[in-house]
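Undergrad: Spelled out, the chains give:
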Amino acid sequence: MTFINYAAREINCKIVYYGPGLCGKTTNLQWIYDKTNPQAKGKLISLATETDRTLFFDFLPLDLGQVRGFKTRFHLYTVPGQVFYDASRKLILKGVDGVVFIADSQDARMEANAESLQNLEKNLKEQGYDLKVIPYVLQMNKRDLPTAVPAEDMYRQLNIKGEPTFEAVAMNGTGVFDTLKAVAKLVLTELKKK
Amino acid sequence: MYEEEYVQIKDTLQRLQVDSNAKIVFLVDKNGQQIAAHGDMRGLDATSLASLTAGNVAATDGLAKLIGEKEFSILFHEGEKDNIHISLVAQRVILVVIFDDRSSLGLVRLRVKKASQELEKIFEQLLKKAEADRGALANRFDSPFAEITDEDIDSLFSE
Chain A
1 MTFINYAARE INCKIVYYGP GLCGKTTNLQ WIYDKTNPQA KGKLISLATE
51 TDRTLFFDFL PLDLGQVRGF KTRFHLYTVP GQVFYDASRK LILKGVDGVV
101 FIADSQDARM EANAESLQNL EKNLKEQGYD LKVIPYVLQM NKRDLPTAVP
151 AEDMYRQLNI KGEPTFEAVA MNGTGVFDTL KAVAKLVLTE LKKK
Chain B
195 MYEEEYVQIK DTLQRLQVDS NAKIVFLVDK NGQQIAAHGD MRGLDATSLA
245 SLTAGNVAAT DGLAKLIGEK EFSILFHEGE KDNIHISLVA QRVILVVIFD
295 DRSSLGLVRL RVKKASQELE KIFEQLLKKA EADRGALANR FDSPFAEITD
345 EDIDSLFSE
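Residue numbers (the numbering used here), protein chains in the order written: chain A, 1 to 194; chain B, 195 to 353.
Do not rely on the hints blindly, as some may be mistaken.
[Claimed, not checked] Only pairs whose alpha carbons sit at most 27 Å apart, straight line, appear in this in silico DSS-like list of lysine-lysine:
#	chain 1	residue 1	chain 2	residue 2
1	A	Lys122	A	Lys161
2	B	Lys224	A	Lys193
3	B	Lys204	B	Lys315
4	A	Lys41	B	Lys224
5	B	Lys224	A	Lys94
6	A	Lys192	B	Lys224
7	A	Lys71	B	Lys323
8	A	Lys43	B	Lys217
9	B	Lys224	A	Lys71
10	A	Lys125	B	Lys259
11	B	Lys224	B	Lys264
12	B	Lys323	A	Lys94
13	A	Lys94	A	Lys125
14	A	Lys43	B	Lys224
15	A	Lys71	B	Lys204
16	A	Lys122	A	Lys132
17	B	Lys259	A	Lys90
18	B	Lys264	A	Lys94
19	A	Lys41	B	Lys217
20	B	Lys323	A	Lys193
21	B	Lys224	A	Lys90
22	B	Lys264	A	Lys125
23	A	Lys192	B	Lys322
24	A	Lys192	A	Lys132
25	B	Lys224	A	Lys125
26	B	Lys264	A	Lys90
27	B	Lys275	A	Lys43
28	A	Lys161	A	Lys192
29	B	Lys224	A	Lys132
30	A	Lys94	B	Lys322
31	B	Lys308	B	Lys217
32	A	Lys193	A	Lys161
[Stated by the list, open to error] Stretch-level coverage of chain B by chain A, calculated; a stretch enters the list once three of its residues show a Cβ under 8 Å from a Cβ in chain A:
#	region
33	224–233
34	239–251
35	342–349
Bear in mind the hints are in silico, worked out from the structure with no lab data behind them.
Cβ atoms here follow ideal geometry from the backbone N, Cα and C, with glycine treated the same way.
Taking the hints into account, I'd like the entire structure generated from these sequences.
TA: This is the structure we're talking about:
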């Protein structure tokens, strides 16, 4: 739920990066963290295992500046992608305002993408959200790999409602900010309707 | 959030901080948004504290459900110097007290109990007010975001 503090003139929005294990959710956040100027960001918190697999969540608070005199603050979260962390994923979706789905372009991960997308839809429903309604953006990551499935095929398989879709290589930042910008835009546009 | 209740909440937190001899008293909603705080916050990353607290409570909540409990209303983390006492107020907000050996768990628990009752009343009042106002407010003035334009949003990313 967007938290608007009229007294302090602040808007806080929660954006969750979802997707199968090792698709690059944390890498997206890491890139945003590295490329944002220090005044605009808080600490990047990563609750990960010793082998850098996300255990609970990554968290990055981001100040984007002012809209209509209100300070906009985005809280970016990632979920742990591995299938057996489902209970944790549900918790992180609580109070979400916008979702980014990161898909892994490698041929071998197509099944994992589909499974994770289904999982997202189910978990959102449990929290009372509808994937078809909530601000939502799709990112096809790892476009640089030789085993990447053609973008049109992926679009056909994974795009569910004509949502903004971006090709990305999160390791070198390609498409990372475009994705963030698109979801931020959708979330703020949603505020208009309220 | 209304000005009047916000002041009441801040007063309650301030009293709790003094009465319990705590370093910091902090109020967060269940989604990890900071509501109010009192105490020496210098050198403390408040945003991260809020988000991790909410994550912690959410995880503990999940554990409670697993074993058939409704909730664990109190969490306590003991450190070498500083300790954190976390409790749920009115099942909707999280009250965090950070204290060191100038206070004690017993004292904190006692004072938190009293403050929780006060906070509960304030939030009840707040809820009633919000519901009563919901209709009226919507008619009286438009949301400041009704006129957000694409340019407004683009300018956020202009750097």
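Undergrad: Confirm or reject each hint.
TA: Against the structure, the hints:
no.	hint	result
1	Lys122/A x Lys161/A	16 Å, holds
2	Lys224/B x Lys193/A	24 Å, holds
3	Lys204/B x Lys315/B	14 Å, holds
4	Lys41/A x Lys224/B	22 Å, holds
5	Lys224/B x Lys94/A	9 Å, holds
6	Lys192/A x Lys224/B	24 Å, holds
7	Lys71/A x Lys323/B	26 Å, holds
8	Lys43/A x Lys217/B	22 Å, holds
9	Lys224/B x Lys71/A	21 Å, holds
10	Lys125/A x Lys259/B	19 Å, holds
11	Lys224/B x Lys264/B	16 Å, holds
12	Lys323/B x Lys94/A	25 Å, holds
13	Lys94/A x Lys125/A	11 Å, holds
14	Lys43/A x Lys224/B	20 Å, holds
15	Lys71/A x Lys204/B	22 Å, holds
16	Lys122/A x Lys132/A	12 Å, holds
17	Lys259/B x Lys90/A	13 Å, holds
18	Lys264/B x Lys94/A	18 Å, holds
19	Lys41/A x Lys217/B	26 Å, holds
20	Lys323/B x Lys193/A	23 Å, holds
21	Lys224/B x Lys90/A	14 Å, holds
22	Lys264/B x Lys125/A	22 Å, holds
23	Lys192/A x Lys322/B	25 Å, holds
24	Lys192/A x Lys132/A	18 Å, holds
25	Lys224/B x Lys125/A	19 Å, holds
26	Lys264/B x Lys90/A	17 Å, holds
27	Lys275/B x Lys43/A	23 Å, holds
28	Lys161/A x Lys192/A	21 Å, holds
29	Lys224/B x Lys132/A	25 Å, holds
30	Lys94/A x Lys322/B	24 Å, holds
31	Lys308/B x Lys217/B	18 Å, holds
32	Lys193/A x Lys161/A	19 Å, holds
33	224–233	holds (count 4)
34	239–251	holds (count 6)
35	342–349	holds (count 5)
Comparing the model with each earlier hint shows no violations; every hint is respected.
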